[in-house]
Amino acid sequence: MAETRVPTGIRGLDEMLRGGLLPGSVGVLKGAPGTGKTSIGIEFVARGSAQYGDPGLIVTFEEFPRQLYRDALSIGFDLRALEGEGKLRTVFTTPKVLLEEIRRPGGLLDRVVEEMGVKRAFVDSITHLERITPDPRRLREIIYTFLNGLLRHDLTALVSQEDPFITGTMSVAEAGLSYIADTIIQLRYVEINSTMQKALLVLKHRASDHDKRIRQFSIGPGGVEVSSPFEGREGILSGNPRMAMRIKRAREFFE
Amino acid sequence: MLRGGLLPGSVGVLKGAPGTGKTSIGIEFVARGSAQYGDPGLIVTFEEFPRQLYRDALSIGFDLRALEGEGKLRTVFTTPKVLLEEIRRPGGLLDRVVEEMGVKRAFVDSITHLERITPDPRRLREIIYTFLNGLLRHDLTALVSQEDPFITGTMSVAEAGLSYIADTIIQLRYVEINSTMQKALLVLKHRASDHDKRIRQFSIGPGGVEVSSPFEGREGILSGNPREVVSRRVEQVFR
Amino acid sequence: MYDFDNIDPVVSEFVDEYVDSFITWDLVLFFYENPFTMGTPSSIAMSIGRLDSDVLPYLEKLVEKKVLSREEHVQDSAEAVYSYIPDKDFERRVEQFQKALKDRASRLMIVSKVLQKEAKK
Numbered sequence: 002m003a004e005t006r007v008p009t010g011i012r013g014l015d016e017m018l019r020g021g022l023l024p025g026s027v028g029v030l031k032g033a034p035g036t037g038k039t040s041i042g043i044e045f046v047a048r049g050s051a052q053y054g055d056p057g058l059i060v061t062f063e064e065f066p067r068q069l070y071r072d073a074l075s076i077g078f079d080l081r082a083l084e085g086e087g088k089l090r091t092v093f094t095t096p097k098v099l100l101e102e103i104r105r106p107g108g109l110l111d112r113v114v115e116e117m118g119v120k121r122a123f124v125d126s127i128t129h130l131e132r133i134t135p136d137p138r139r140l141r142e143i144i145y146t147f148l149n150g151l152l153r154h155d156l157t158a159l160v161s162q163e164d165p166f167i168t169g170t171m172s173v174a175e176a177g178l179s180y181i182a183d184t185i186i187q188l189r190y191v192e193i194n195s196t197m198q199k200a201l202l203v204l205k206h207r208a209s210d211h212d213k214r215i216r217q218f219s220i221g222p223g224g225v226e227v228s229s230p231f232e233g234r235e236g237i238l239s240g241n242p243r244m245a246m247r248i249k250r251a252r253e254f255f256e
Numbered sequence: 014m015l016r017g018g019l020l021p022g023s024v025g026v027l028k029g030a031p032g033t034g035k036t037s038i039g040i041e042f043v044a045r046g047s048a049q050y051g052d053p054g055l056i057v058t059f060e061e062f063p064r065q066l067y068r069d070a071l072s073i074g075f076d077l078r079a080l081e082g083e084g085k086l087r088t089v090f091t092t093p094k095v096l097l098e099e100i101r102r103p104g105g106l107l108d109r110v111v112e113e114m115g116v117k118r119a120f121v122d123s124i125t126h127l128e129r130i131t132p133d134p135r136r137l138r139e140i141i142y143t144f145l146n147g148l149l150r151h152d153l154t155a156l157v158s159q160e161d162p163f164i165t166g167t168m169s170v171a172e173a174g175l176s177y178i179a180d181t182i183i184q185l186r187y188v189e190i191n192s193t194m195q196k197a198l199l200v201l202k203h204r205a206s207d208h209d210k211r212i213r214q215f216s217i218g219p220g221g222v223e224v225s226s227p228f229e230g231r232e233g234i235l236s237g238n239p240r241e242v243v244s245r246r247v248e249q250v251f252r
Numbered sequence: 370m371y372d373f374d375n376i377d378p379v380v381s382e383f384v385d386e387y388v389d390s391f392i393t394w395d396l397v398l399f400f401y402e403n404p405f406t407m408g409t410p411s412s413i414a415m416s417i418g419r420l421d422s423d424v425l426p427y428l429e430k431l432v433e434k435k436v437l438s439r440e441e442h443v444q445d446s447a448e449a450v451y452s453y454i455p456d457k458d459f460e461r462r463v464e465q466f467q468k469a470l471k472d473r474a475s476r477l478m479i480v481s482k483v484l485q486k487e488a489k490k
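Chains as they are written, first to last, in the numbering used here: chain A, 2 to 256; chain B, 14 to 252; chain C, 370 to 490.
Wrong hints could be hidden among the right ones.
Here are a few chain C residues that face chain A, going by a calculated C-beta distance under 10 Å [claimed, not checked]:
| id | residue |
| --- | --- |
| 1 | V379 |
| 2 | I392 |
| 3 | G418 |
| 4 | E429 |
| 5 | L431 |
| 6 | L477 |
Rather than coming from a laboratory, the hints here were simulated on the basis of the structure.
Note that this is a predicted model, so its numbers are computed, not measured.
Glycine included, every Cβ here is placed at the ideal spot set by N, Cα and C.
Looking at chain A on its own, in the form it has when it is part of the complex (with noise of 0.2 Å):
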């Protein structure tokens, strides 16, 4: 009954995922900005062309693939090697523009699908899809046309999504992706001892099981890492972790 997982190849995530992503799927990475969507979006993308044999799009609303190109470097991928093999295509338009081609019949997405045999997406960030109407039902048609069309011939993708606040209430908007996703990480930063750190949580994961644990994750030149859980802290997710009293309590006895 296990059906194949798409993984992520990024460090620690994929166990939390229980195998990776399911096949024909959409992951929704949200965050505020520098958390690092960007990073987890284009190691999935870029370790699916090299290290799966899954060729990849990366879609960019927003920054220039020169500066996408120089962020993959900065964590080990070259996109632009990738995409000389025939691996990869970065592709830098508006989302009206992009929605257009996933509509037309033979249009950008068809093509590379066809073409180059594309299995996975990065769309970065689909927020940007706000820009097409300012009407949120309308707004969520959109995204749910828009996510319909990108996973025709099962690609698996994963989208990035603007946490405007550290806290704060959903957008309409914003919870109509939430509902039409399968897969939501979400990011955040934790101050803790006066340092700032990152943390990683799977909010949901449709049709499977996963990690329910708020996790640290660090990005370097190797790529991605989550590692271990914050221990003892409540209200991560508020970003404003305390110490659990329980555990503080017990230092004051002790000391």
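Let chain A serve as the given structure and place chains B and C on it in line with the hints.
Leaving out everything else, chains B and C in the frame of chain A:
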């Protein structure tokens, strides 16, 4: 927790943020109805594809396609407008599945999508009434899911009159405890019957959904940020 | 060009008979995987990431071929509702089609066939 189950011919609402388990509970309710209790069922979905629902169901131990093959279940993917029309129309979908299959249970995912039909709150309430009455007219016992836009945070009290119409309301919520995200379930309302008032943990696994022990000695569960109650803390320090 | 003798004849026939465009390809797979769908041209278009106006003519063709049925719904939207007509034989052939798509070589041949049909329009 429900003292035996849902009331026959009633409507229960499953409220919760994305990923809290509304769909799993709804699927299990209908699938067990078909497989275990001899109640053929109907699943109506407005956004998630049946293909995904089939997969979700398998991961919690239920084969919906097999049940469909045996005529004990049907998973319909449609739009809120079309469903409303089918409810109003004699010989529409609901009439047909009740007559042909003897459908007794339904799960609708989600009632929040009815909001797509109109921005006008009064009209929306009418639509919800029509919709729910359509289910009740056929003596169906139905669970409907409702989206909560907040992950953690305070609950809003009244929502489009649904909380008045519904017979049972089950709230699902994430809770962060010891750097782990757990799921909490609470029966907010259960008309004409007693019910368990405690907030309980629940989990979703290959055998289905399981509601287990209450969260002991913690406040603020409903806000999603529980703190241990002072007396317990003191207790532990002195153990 | 491609050697079509290497495609499974069942699949080849299926493509000849039904798959006259990429959109039909999307529709056939969509209804096969989601058999009890009752959709309007706009909801179906959203589900496969295509444009309503592009999808409509191919829905109609599938109605002509008795793969789908169409019902008029008079209410506000005035859009017709399309449903799949279950047929074990048709499903078996779609299953073969889906299998053939998983193999890169036969997929390329199928794409080529469909492209030729699209070009003829």
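Going down the list of hints, with the structure as the test:
no. : hint : verdict
1   : V379 : violated, 21 Å
2   : I392 : holds, 6 Å
3   : G418 : holds, 2 Å
4   : E429 : violated, 16 Å
5   : L431 : violated, 16 Å
6   : L477 : holds, 8 Å
The structure fails hints 1, 4, 5 (numbered hints given earlier, in ascending order).
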